[in-house]
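A.B. asks: Chains S and D supply the protein sequences, listed in that same order.
Letter 265 of the first sequence, counting from 1, is numbered 265 in our numbering, and no numbers are missing.
Counting the second sequence from 1 gives a position; our numbering is that position plus 343.
In case anyone wonders, no lab produced these hints; they're calculated from the structure.
Any given hint might turn out to be false.
Partial list, derived from the structure: chain D residues whose beta carbon lies under 10 angstroms from chain S [unchecked claim]:
(1) Asp-374
(2) Phe-377
(3) Leu-469
(4) Ser-471
(5) Leu-472
(6) Ala-598
(7) Pro-611
(8) Lys-612
(9) Leu-615
(10) Arg-621
All residues carry an ideal CB built from backbone N, CA and C; glycine is no exception.
Protein chains: 2
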Amino acid sequence: MLYLYSLIFNLMMNLQCRLMHRPVGTPQSSDFSFTEEALPTPKAGEILLKTHYISLDPAMRGWMNDAKSYLPPVGLGEVMRAGTISEVIASENPQFAVGEFVFGSEGVQAYSLSAGKGLMKVSPALASLPTYLGTLGITGLTAYFGLLRIGAPKAGETLVVSGAAGAVGMVVGQLGKIMGCRVVGIAGDKEKCDYVVNELGFDACINYKVEKVGKALRTHCPSGIDIYFDNVGGEILDTVLTQINKFARIPLCGAISQYNATGDIHAPKNYLSLLVNRAKLEGFIVLDYVQDYGKAIQEMATWLAEGKLKTREQVISGGIRAFLPTLLMLFEGKNTGKLVLEV
Amino acid sequence: MLYLYSLIFNLMMNLQCRLMHRPVGTPQSSDFSFTEEALPTPKAGEILLKTHYISLDPAMRGWMNDAKSYLPPVGLGEVMRAGTISEVIASENPQFAVGEFVFGSEGVQAYSLSAGKGLMKVSPALASLPTYLGTLGITGLTAYFGLLRIGAPKAGETLVVSGAAGAVGMVVGQLGKIMGCRVVGIAGDKEKCDYVVNELGFDACINYKVEKVGKALRTHCPSGIDIYFDNVGGEILDTVLTQINKFARIPLCGAISQYNATGDIHAPKNYLSLLVNRAKLEGFIVLDYVQDYGKAIQEMATWLAEGKLKTREQVISGGIRAFLPTLLMLFEGKNTGKLVLEV
């Protein structure tokens, strides 16, 4: 078998997107390079994977910075880190069979070699493969643990979620409805707002580009805000802080409005509202809940099957070389649902 | 008896400090006026109180603003709100005897009439009366609940406390030592730093006026910061945020550096450190723990008696008319320990 692999795979080339410079502000194409190399041959215990789908996430911007964070920065010259759905195309590891699909963090490349560590098998029969990068993957789990563990919603409470039509936000809002909350989204265009209200069942959605967010929140949250799931940071966080209730919870998931800032970020000048309202602003990272992923995915898969939870993926069929322009769609607010690159 | 009261008390005058304007920035003497009026006569169920000590607290600055908060603002023309230790000098209420001392919120005035609601008897035999405004009063309770409930210290962790020599900070640091933490204070002069290290047993104290706080924290907190008890806000909060550990807790007690700001306050531009470190910034108000005051005071009184906890009050013998200049000592960093005005 090993001989056959070598024969075939040595003729195939892997295409990789590598981080070459640390971006200043918005990442530029000159910050990346593309390399081609012959496919490696799996040794005992290893498998060769063909990437089908690559996850695009706001967090990637942070991984490009040379800063202390929850994961080390991507090294210069390294393949850009990314969540992936891959197919096993050769296996010298008895735990993986050729033809199986796995979720992993194999990066922005067409093929990868793995010893199997950190891979999770996924079934294309139960859900479409891109869903395993979204609602049944890291973004769905982020919504699940951030809302349920940090937000701790109670029936009758009011939940506001920004980035409402994004991969995390759309799940947060639907989970809020399942928990019996009033759910108000904030998004950047009419189509997104219509989508979360009409398709996903949010109670209201504010288009922050045309509405005054403070005034609209007062209209749609007549009993104040008990939970604000923050995906965006910036002015919107500051505005929400003026309308939180006593004992409010703000799960801090991201701050996409600030990730490309070159100077100081927009800091929450109304943070003392946390004091007078005995409220909390709490960061979380989905990786801390890895021991509970299985149970959470099972629960969400059930809700999906029952129609209580809907999912949407926006799949861009551009291949590895389309990585950067596809990533930038996130920062330009051009995606609805989970943004995925098809290789 | 009623006749006798009237006869005596009608000859005595009450002196009151009233809020007349909402201060802009630092409160001015023109924001207050002093009024004199005849003492009222207690009716059935009422008691007449003579104020002995008035508590001076940073929170008073917030009460002067016309803003939604955890207590309604002091109304214009009303006696300025303040915590007090008073003596019962006439009683038509069987629950209070003449000569007893009570803690209450009787305001900046020499005498007050009360129906007894919200008063707590205190014993001058067990502790000096000003201690009931400090370590065995609201500031001690603030330290106790903020540190133990929000900060949740574990032995071996590193606790940083700002306003270290203030009424709250000095108790926070000592409670941290009792809980087995490494305790690093931040204060504004050498005397205060010497006091908390040499007298109270803090492991170190940073004089923020002469040392670079970031560098000094790196020296004194070699294992990072697990709990930051924030009394001051501003630049120091921002600096601490860059050195917090995973799962750090920041009980948000106050922001004295910002209370007199006339423009935007110094917002924590490093707040995203909460995200990558899964840390929380959580406000609290001591009034929420009123059902547990008794147990907490008993525990702290025991530590005081055992010498595990030390207390200090700075008593200014100025009377009612000295209210404002004494209050301003807090904002000028001129007090060590609990600042109290003697009437």
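A.B. asks: Decide, hint by hint, whether the structure agrees.
C.D. replies: Taking the hints in turn, this is what the structure says about them:
Here the hint on Asp-374/D is broken, as its CB sits about 21 angstroms from the closest CB of chain S, past 10 angstroms. Using the Cβ-Cβ criterion of 10 angstroms, the hint placing Phe-377/D at the interface with chain S is not satisfied: the shortest such distance is roughly 29 angstroms. At about 31 angstroms, the closest approach between the beta carbon of Leu-469/D and any beta carbon in chain S exceeds 10 angstroms, and the interface hint on this residue is violated. Hint on Ser-471/D is violated. Least Cβ distance to chain S is approximately 30 angstroms, over the 10 angstroms limit.
For Leu-472/D, the shortest C-beta to C-beta distance to chain S is roughly 29 angstroms, which exceeds 10 angstroms, and the interface hint is violated. Below 10 angstroms, beta-carbon pairs count as interface contacts, and Ala-598/D has one with chain S at about 6 angstroms; its hint therefore holds. Annotation: Pro-611/D was flagged as interfacial toward chain S, and the flag holds, the nearest CB pair being 6 angstroms apart, inside 10 angstroms. For Lys-612/D, the shortest C-beta to C-beta distance to chain S is roughly 4 angstroms, which falls under 10 angstroms, so the interface hint holds.
Look at Leu-615/D: its Cβ gets to within about 6 angstroms of chain S, closer than 10 angstroms, so that hint holds up. Here the hint on Arg-621/D is kept, as its CB sits about 5 angstroms from the closest CB of chain S, short of 10 angstroms.
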